[in-house]
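Line by line, the protein sequences give chains R and X. Under this note's numbering, residues 1 to 283 are what the first sequence spells out, in order. Under this note's numbering, residues 1 to 283 are what the second sequence spells out, in order.
There could be a bad hint or two in this list.
Repeated chains share a single entry, so a pair holds when one copy, or any two copies, can fit it.
With a straight-line Cα cutoff of 25 Å, these simulated DMTMM-like cross-link-like pairs (lysine to aspartate or glutamate) come out [as the list claims (entries may be wrong)]:
#1 K273 / E226
#2 K273 / D216
#3 K2 / D136
#4 K2 / D52
#5 K2 / D178
#6 K129 / E271
#7 K273 / D224
#8 K273 / D52
#9 K273 / D205
#10 K2 / E31
#11 K273 / D244
#12 K2 / D138
#13 K2 / D206
#14 K129 / D179
#15 K129 / D167
#16 K129 / D216
#17 K2 / D66
#18 K129 / E226
#19 K129 / D224
#20 K2 / E226
Don't read these hints as lab results, they were simulated from the structure. Source: prediction; values computed, not measured.
There are 2 protein chains.
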Amino acid sequence: MKHWDTVAVVGIGLIGGSIGLGLRRRGLAREVVGVGRRQESLQTAVQLGTVDRTTLDLAAAAAEADLIIVCTPVGRIAADVRAAAAASQRRPLITDVGSTKAQIVAELEGGLPGGARFVGSHPLAGGEKNGPAAADGDLFVGRTVVVTPTALTRPGDAADLEQLWIDLGARVVRMSPDDHDRALAATSHLPHLVAAALAAATSIDDLPLTASGWADSTRIAAGDPELWSQIFMSNRANVLAALDRYRTALDNFQQALGDGSEPQLIRLLGEAKCRRDARNERP
Amino acid sequence: MKHWDTVAVVGIGLIGGSIGLGLRRRGLAREVVGVGRRQESLQTAVQLGTVDRTTLDLAAAAAEADLIIVCTPVGRIAADVRAAAAASQRRPLITDVGSTKAQIVAELEGGLPGGARFVGSHPLAGGEKNGPAAADGDLFVGRTVVVTPTALTRPGDAADLEQLWIDLGARVVRMSPDDHDRALAATSHLPHLVAAALAAATSIDDLPLTASGWADSTRIAAGDPELWSQIFMSNRANVLAALDRYRTALDNFQQALGDGSEPQLIRLLGEAKCRRDARNERP
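Next comes chain R alone, as it looks inside the complex (with noise of 0.2 Å):
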């Protein structure tokens, strides 16, 4: 377990909030100050005991912490990063907590006032829940983090960042963010983007027919338009290529089911099933 003394975690939504809790029921933080927009998530924060106390100010909470947190929309983590590396004092560790990885850490590395570093991160865990009141100390217990050091990267600082998740309960997979952004792309942001195309191709007068096949297979499409879209313009060319794969196999479907092939549509409902099997049997 590593310990740190005061924690800035800048953005209190269900990641930020839950990065707090997790902190300080585990006794990982002498102090974690949380930093948001608004007031009223601040309260809620404080409240809920997410954070030990609140700012509106990102650069003092920044000044007194020797590790950053910044779980801010992908749009505006490497502002927020800047920010808070200009106004440090303590030579802090700083990460991210967004979907995307190659933009943000070219934007970032290497290059930050202050004695500060950024090695980025990526928490594979979140849900249908949002804000700081959907916090949950045990959120990345046993879940997946991606984290994205670089040749540029000091040792210590991706070891100490990966203590910090393995601290909160998570698994840690290190990838360089090209890999991150390539594999994410396949994983997470085409499944959205495929979900939203099928929720956009239902008609409202079909609706009271769906069931839950319809409703998990849409589930994602009800995420927030402009964070995904900031996730999606971020990884652009990945997600593009993750879409022409993803053309082929509907083509291979459409195909079988042009030609009216039921051994052809079993074969390829059989691959699928074994690909969807697969997942469930990995640790």
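Place chain X on chain R using the hints.
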């Protein structure tokens, strides 16, 4: 409430077993006879109390029944209904629970021996679990069941069948077989195809980086390939038409992503979210 004398349930997996259990728990029949093809499943069904007794002999069960519910795979329903009607002696009402209706109803209605009449049903219920052990007497409570009478259906038969499902706790929607198949192509069959293509397009190496979004979006792809290929084959034209509409929705996302147009992405994601959210608002 309508009380039946002897109900034969042909096929006692999740749906058939749940019907048997629901009938018995609510006292809707004097006796429920389960018909299966494997002695093992029949034993499980009796042990769990989903039926009063069982037989491997469809004809024997059909002979004494005044209601016959055929819960076999789509590709076998018409043959099983014809065999049941041929053996019937009590002018039974016969229904099914198949996921497609037009082909089955066209093959069966108006042409059955023994004074038997067929009216189609499709309960929009199910789940990941399967087999007689998954039976749930409240499976249909609050769920939608589509009943598909036609101009050839006796009004009394349609009313009796609707009452059966209402007595099991369901909300009944009456549609023509064609309207049912067109709607379900969009709300159930296309989602299955989309989920299967998504699972198939995901590389084995990337599976460890999947989280709840991928898992939800691909859940139905774990369904039985043979059962689903029968459903697709029985509703080919409608599924192909639904797939065309889906591909148009996918094209819109691809275009916005290719153009790098964030406003366009936000608009498309917002429309999809509205459609998804509208589903939760319906009663």
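Checked hints:
In this assembly of identical chains, the alpha carbons of K273 and E226 lie at most 25 Å apart only when taken from different copies (11 Å versus 33 Å within one copy). In this assembly of identical chains, K273 and D216 lie within 25 Å of each other by CA distance both inside one copy and across copies; the values are 16 Å within and 14 Å between. Taking the closest pair of Cα atoms, K2 and D136 come within 25 Å of each other only inside a single copy of the chain (21 Å); across copies the shortest separation is 49 Å, beyond that limit. When the C-alpha separation of K2 and D52 is checked against a cutoff of 25 Å, the pair qualifies only within one copy, where the shortest distance is 19 Å, while the shortest distance between copies is 62 Å.
Taking identical chains as interchangeable, the C-alpha atoms of K2 and D178 are never at most 25 Å apart, the minima being 28 Å within one chain and 64 Å between chains. Proximity of K129 and E271 under a CA criterion of 25 Å is satisfied inter-copy only: 20 Å between copies versus 33 Å inside one chain copy. Taking the shortest alpha-carbon separations for K273 and D224, only the inter-copy value of 8 Å comes in at or below 25 Å, while the best intra-copy value is 30 Å. Taking the shortest alpha-carbon separations for K273 and D52, neither the intra-copy value of 47 Å nor the inter-copy value of 35 Å comes in at or below 25 Å.
For the homomeric pair K273 and D205, the shortest alpha-carbon distance between copies (16 Å) is at most 25 Å, but the shortest distance inside one copy (30 Å) is not. In this assembly of identical chains, the alpha carbons of K2 and E31 lie at most 25 Å apart only when taken from the same copy (14 Å versus 66 Å across copies). Taking the shortest alpha-carbon separations for K273 and D244, both the intra-copy value of 21 Å and the inter-copy value of 23 Å come in at or below 25 Å. Proximity of K2 to D138 under the C-alpha cut-off of 25 Å is restricted to the intra-copy arrangement: shortest distance 18 Å within a copy versus 50 Å between copies.
For a Cα distance limit of 25 Å, the shortest separation of K2 from D206 qualifies neither inside one copy, at 54 Å, nor across copies, at 30 Å. Taking CA atoms no more than 25 Å apart as the test, K129 paired with D179 passes in neither setting, with 28 Å inside one copy and 36 Å between copies. For the homomeric pair K129 and D167, the shortest alpha-carbon distance inside one copy (24 Å) is at most 25 Å, but the shortest distance between copies (35 Å) is not. Taking the shortest alpha-carbon separations for K129 and D216, both the intra-copy value of 15 Å and the inter-copy value of 15 Å come in at or below 25 Å.
In the homo-oligomer, the alpha carbons of K2 and D66 lie at most 25 Å apart inside one protomer (12 Å), although the nearest pairing across protomers, at 72 Å, exceeds that limit. Proximity of K129 and E226 under a CA criterion of 25 Å is satisfied intra-copy only: 16 Å inside one chain copy versus 36 Å between copies. In this assembly of identical chains, K129 and D224 lie within 25 Å of each other by CA distance solely inside one copy; the values are 11 Å within and 31 Å between copies. In the homo-oligomer, the alpha carbons of K2 and E226 never lie at most 25 Å apart, since the shortest distance is 35 Å inside one protomer and 53 Å across protomers.
Hints 5, 8, 13, 14, 20 from the earlier list are contradicted by this structure; the remaining hints agree with it.
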